[in-house]
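Protein sequences, first through last, are from chains A and B.
The first sequence begins at 2 in our numbering and counts up one residue at a time.
The second sequence begins at 2 in our numbering and counts up one residue at a time.
Don't take every hint at face value.
Where chains are identical, the list cannot tell them apart; a pair therefore holds if satisfied intra-copy or between any two copies.
List of simulated lysine to aspartate or glutamate pairs, DMTMM-like, C-alpha gap at most 25 Å [to be verified]:
| no. | residue 1 | residue 2 |
| --- | --- | --- |
| 1 | LYS48 | ASP259 |
| 2 | LYS257 | GLU83 |
| 3 | LYS168 | GLU150 |
| 4 | LYS48 | GLU151 |
| 5 | LYS240 | GLU215 |
| 6 | LYS48 | GLU256 |
| 7 | LYS20 | ASP253 |
| 8 | LYS240 | ASP87 |
| 9 | LYS67 | ASP176 |
| 10 | LYS86 | ASP156 |
| 11 | LYS168 | GLU151 |
| 12 | LYS189 | GLU83 |
Bear in mind the hints are in silico, worked out from the structure with no lab data behind them.
Quantities reported herein were computed from a predicted structural model and do not represent experimental measurements.
2 protein chains.
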Amino acid sequence: MSRPIGVFDSGLGGLTVLKSLVQSFPSENFIYLGDTARLPYGSKSPKTIYNYLYQNINYLRKFDIKGAIVACNSASSVLRPEEFKDLPVVGVIEAGTKAALNATQNKRIGVIGTRATIGFGAYQDLLKQLDDQIEIFAQACPLFVPLVEEGLTHDPLTNLICFRYLKNLVDQQIDTLILGCTHYPLLKPAMARVLGPNIQMIDSADAIAELVGEGWSLSRQTGEGSVQVLCTDTTDHFKQMAGLILDTIKIDEFEKVDL
Amino acid sequence: MSRPIGVFDSGLGGLTVLKSLVQSFPSENFIYLGDTARLPYGSKSPKTIYNYLYQNINYLRKFDIKGAIVACNSASSVLRPEEFKDLPVVGVIEAGTKAALNATQNKRIGVIGTRATIGFGAYQDLLKQLDDQIEIFAQACPLFVPLVEEGLTHDPLTNLICFRYLKNLVDQQIDTLILGCTHYPLLKPAMARVLGPNIQMIDSADAIAELVGEGWSLSRQTGEGSVQVLCTDTTDHFKQMAGLILDTIKIDEFEKVDL
């Protein structure tokens with residue numbers, strides 16, 4: 002059996018990344034860790050998030066993973082991949098940033114995320130570092146996660162809140178918008194009503210799949226890889242939501258673990 | 002020096018309770034613990050919340066407290082005060098329920114809270130247990146906490162969301178509404194627009210002060226008691242918000258601690 006790929010997030014959001022990976026590389030084996038006992042990371046200090054990130058990756062290493070994907074934006078903000086010399090590690094921030102730079106024509110890029118992600122500035126820093134011509138417009142959207150978790154993805158309230166958050170980015174004539182939170186893809190239809198047809202949304206799930214597909218030479222062959230989902234605090238809600246997000250993807254094993 | 006009173010919450014919300022206590026009993030000494038590294042409790046399983054509750058109370062006991070106040074609704078849901086034989090412990094649920102039963106005339110009581118608090122049903126159970134004639138109308142309001150944390154307490158969006166959540170309770174002709182979350186008092190003006198003048202809101206902060214004032218024979222004398230604030234993950238945001246919530250109340254000591 003081929004060595005598995007580890008994916009972790011503080012909670013459910015990263016399952017959108019897992020889903021995209023399984024769809025792109027169906028014969029690979031995946032192990033997902035949702036650190037639900039300690040979620041959300043966004044409200045915690047960088048030092049605490051850093052400690053959690055390293056605990057989680059070290060836990061996943063016990064499964065002899067061939068690489069780790071940090072599907073949590075807050076954890077991705079404090080990731081220093083060079084510290085894992087023998088293990089390839091990529092985060093959603095690196096992936097989203099590179100995809101946005103490939104997509105933009107006018108070099109005006111918007112970034113949305115939680116207050117922690119936007120405040121920490123990791124997307125903005127990496128964009129500037131890779132291309133100092135880029136103009137960046139960042140906006141924190143703290144109501145988006147609760148709207149998604151409330152199931153209000155299609156609701157007039159959500160349309161109003163999207164307008165409130167995104168109107169200024171449209172006025173700034175961005176042509177690319179990085180969705181800097183794994184929950185946000187579920188709001189794409191509502192956001193598209195404000196953004197119109199000319200602004201491209203960059204979804205980290207797709208961006209990660211593209212990045213590791215090349216870098217880690219993963220197999221795109223059809224097949225039946227295994228999918229294992231672990232979380233640090235099982236609740237029925239998590240299991241139910243995981244099923245909804247993963248949709249047709251079968252979970253081979255679902256387990257509560259202690260780190 | 003008189004033995005201090007311990008107050009704990011998963012985060013900032015319980016500071017509204019601390020403030021009310023300090024105003025009612027200014028010569029008493031208080032020690033507040035905000036378990037910010039592990040917040041929010043609401044999304045975690047009852048067993049995990051129970052473990053955190055006992056860790057926090059045991060931590061506070063090191064300061065020789067004369068009583069502990071559980072200002073967190075989720076933790077209050079799983080509290081069994083009889084397990085602390087030698088230490089008086091009260092939670093916001095007991096306090097809010099008793100105050101609501103005193104206030105209602107028509108025995109129709111509404112309860113609002115996070116999804117966890119409402120789903121767990123502790124308010125509903127205790128109300129029924131103390132008076133089986135009560136008709137209870139419960140409503141989860143998961144967008145209220147992020148609205149408060151966004152500072153949108155006075156905003157047309159908040160008015161719309163209040164209407165969405167509270168309209169049904171008004172139609173049910175409740176005369177009393179328990180605010181089952183320590184953040185909610187900050188939304189009183191917006192909620193009042195939907196509730197009108199005939200529905201009384203029960204604020205746990207005031208209810209707790211009333212309950213322990215009698216039960217624990219605390220001093221209402223003027224004086225300069227000390228206020229110590231501890232949290233498990235200091236961030237600048239916490240310190241800043243704590244200052245805003247406590248307003249004119251002076252914090253004598255602010256410290257990050259490990260449990």
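A quick look at each hint next to the structure:
{"no.": "1", "hint": "LYS48 <-> ASP259", "in the structure": "both (21 Å within a copy, 14 Å between copies)"}
{"no.": "2", "hint": "LYS257 <-> GLU83", "in the structure": "neither (30 Å within a copy, 30 Å between copies)"}
{"no.": "3", "hint": "LYS168 <-> GLU150", "in the structure": "both (23 Å within a copy, 22 Å between copies)"}
{"no.": "4", "hint": "LYS48 <-> GLU151", "in the structure": "between (30 Å within a copy, 24 Å between copies)"}
{"no.": "5", "hint": "LYS240 <-> GLU215", "in the structure": "neither (32 Å within a copy, 45 Å between copies)"}
{"no.": "6", "hint": "LYS48 <-> GLU256", "in the structure": "between (28 Å within a copy, 16 Å between copies)"}
{"no.": "7", "hint": "LYS20 <-> ASP253", "in the structure": "within (14 Å within a copy, 50 Å between copies)"}
{"no.": "8", "hint": "LYS240 <-> ASP87", "in the structure": "neither (33 Å within a copy, 40 Å between copies)"}
{"no.": "9", "hint": "LYS67 <-> ASP176", "in the structure": "neither (36 Å within a copy, 61 Å between copies)"}
{"no.": "10", "hint": "LYS86 <-> ASP156", "in the structure": "neither (46 Å within a copy, 50 Å between copies)"}
{"no.": "11", "hint": "LYS168 <-> GLU151", "in the structure": "both (23 Å within a copy, 18 Å between copies)"}
{"no.": "12", "hint": "LYS189 <-> GLU83", "in the structure": "neither (34 Å within a copy, 50 Å between copies)"}
Hint compliance for this structure: hints 2, 5, 8, 9, 10, 12 are not met, and every other hint is.
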